[in-house]
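S.K.: Read in order, the letters of the sequence shown correspond to residues 15 to 642 in our numbering.
Hints are computed from structural coordinates only; laboratory data are not their basis.
Any given hint could be a false lead.
With a cut-off of at most 25 Å between alpha-carbon atoms, the simulated DSS-like pairs for lysine-lysine come out as follows [stated by the list, open to error]: (1) K175 - K323; (2) K332 - K175; (3) K622 - K257.
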Amino acid sequence: MAESKSIQTGTQAHETASSQDGDLQPDEKYSWFRGVFFQATVVGVAAFTAPGLWNAMNSVGAGGQQTPYLVMAGNALLFSLMTITCLTGSIVANRFGIKNTLIFGTTGYVLYSAALYTNNRYGTEWFIYLGSAACGITAGLFWAAEGAIMLSYPEAHTRGKYLAYWLCYRNGGGILGGIINLAFNVHGKAAGKLDWRTYIVFVVLQCLGPAVTFFLSPPEKVRRRNGTRVQLAPRISDLEELKALGRLMIRKEVALLTPLFIYINWSLPYIGSYVSLYFSVRARALASLITGLAQILATLIMGTFLDWKRPSLNNRAKFAYIFMMALIGGCWIWGTIVQKGYSEHKPSLDWVDEGFGRGWALYILWQLITALGINFGLWGLAVVPAYLVVSRLVRVIKAPGHPDQVNSTSRLASKVGKLKIADAPSPYSPADGVTGRHMTAIEDEQIVNTALITFLIAVTINFPGVNADWSLSRKAFSVSNEAHSSKEKFFEARVDGVLRTHQGLEVKAIAEVKPYLRRQGRYEIRMQEAAQMAAWICTNPPANLNELRANKKMKTTRLLVSQDRHEVYLNFATLGAAYVDYIRGSQSFNKSDAFLHIQEVGPYSIDKAEHMGPLALLIFGFMLQECA
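Could you build all of it, start to finish, from the sequences and the hints given here?
M.R.: Here you go:
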């Protein structure tokens, strides 16, 4: 089974599966307590008590104070420190573990609420700065840890829904906080500050956050429904972590995503001041309640759309982006008009006043944009790296048959493009429907691996004309910049078996296995197989590469044999010299021909003789062509 690794910082969790880390072990059983849903729930409850309630306080504007200026100064300190700890959160998680990082990340929110309480009741100002600093330091770590968990734990096809589920908890904190705000301040018809008793409830609830996060399982014990484990990037030294962070920060892809990241939080200070200056206390309290409700509904709709299978991944991203830009642009045009009027004649609007809805609804939409921006931005974080690597690895992979665009959010490396794989016409159908659902994953993947290699050896050993042997060697290949003196490695991929020639030990074919059916992770499997194929080509280019360069129409073929539980697939890759030069980092290649074409044939069921005969003939024919 393959293992694909990317160069990334420690909190960047990615999906990978190996004989050690990818599957259930014989002595381990799936448990709801170790399942992704429970882990998402723990993170969601923590988000409810920490940033969720924090958002509720800030959604009333200025943390519920009468004027925004002191709280704005505190928030400036908070976000400055939070920027630093978010960037260095990977180092903390790498050293202390993601669970401990998340626990510590919940502690500063309590001090922030306590500071607002003392300022509201006693006029204490210094505590605002201390509470803001504590919250900034810990919140950055909390955001880094919760983001890594929620991006990596769910399967690719459920990630949008899990992000929405998690954000519902976060916004649920806003709803409860809005109810609390409104209950204590329902009679505040004029501008002013919240009742001091409001903050007591917030402090008590936020004290629950650290306790809840102790129920989070270590990542190595988490299991998905299909039986696979979740793995975080391996722990490395702090110096290596800093180097990895530096390499990440200077990548052009990060620069392209930065404007979206900045915008998500850029407008919060302004809209907080806006609502605190122009609306009554109870109107602000009502806004905090409606904001939470609207954000939950909107993120659920957005998450469902982003996971919708009918539009392609590319179209979903485009439609969501267009919608976000239209909503943002429309609201700021509207906001500019409203703000001009408020600047000329400063109001103090209550919900019974004329003109209240015009400015108050605008505030709700601004808060809605923030939630949708987080949802879309995090979804993009999971999707973009896969899109990026695919261009580097595969460009566009097509073959005759029925095209099936891969919508995967598997994280492998960092280059841009699309991945399309075509299913070759096959007389056989995969196990699906009721039958497929009842076929659980094999507990020990090595069983599948041994079964496949044994069959391949049986096909080979009876024909002396094939000068090669199959082995269980878990060989590693890598994609690196061979044209540059640095030989920069982009990622490494391991396979579960290889076909080696007797002379020179040249690898002529590779094997990959999974303990579960392809239908349970089709897109992730295909993405992984594409990465393995590309890494193999980069590490071991064709022996006749010069001949391929001389004859641009000439192509060579590679074979990856894959067994998913009891179903075998053949993946035939066709390529020319242009793709080899491209994947190895050469600057001089024919861009119009730098493509890798992969044709997937199968499945062939190992329990059916009528399947295994044709499968053996196909494999034997390929070996005679390549190894005779």
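S.K.: Which numbered hints does this structure break?
M.R.: 3
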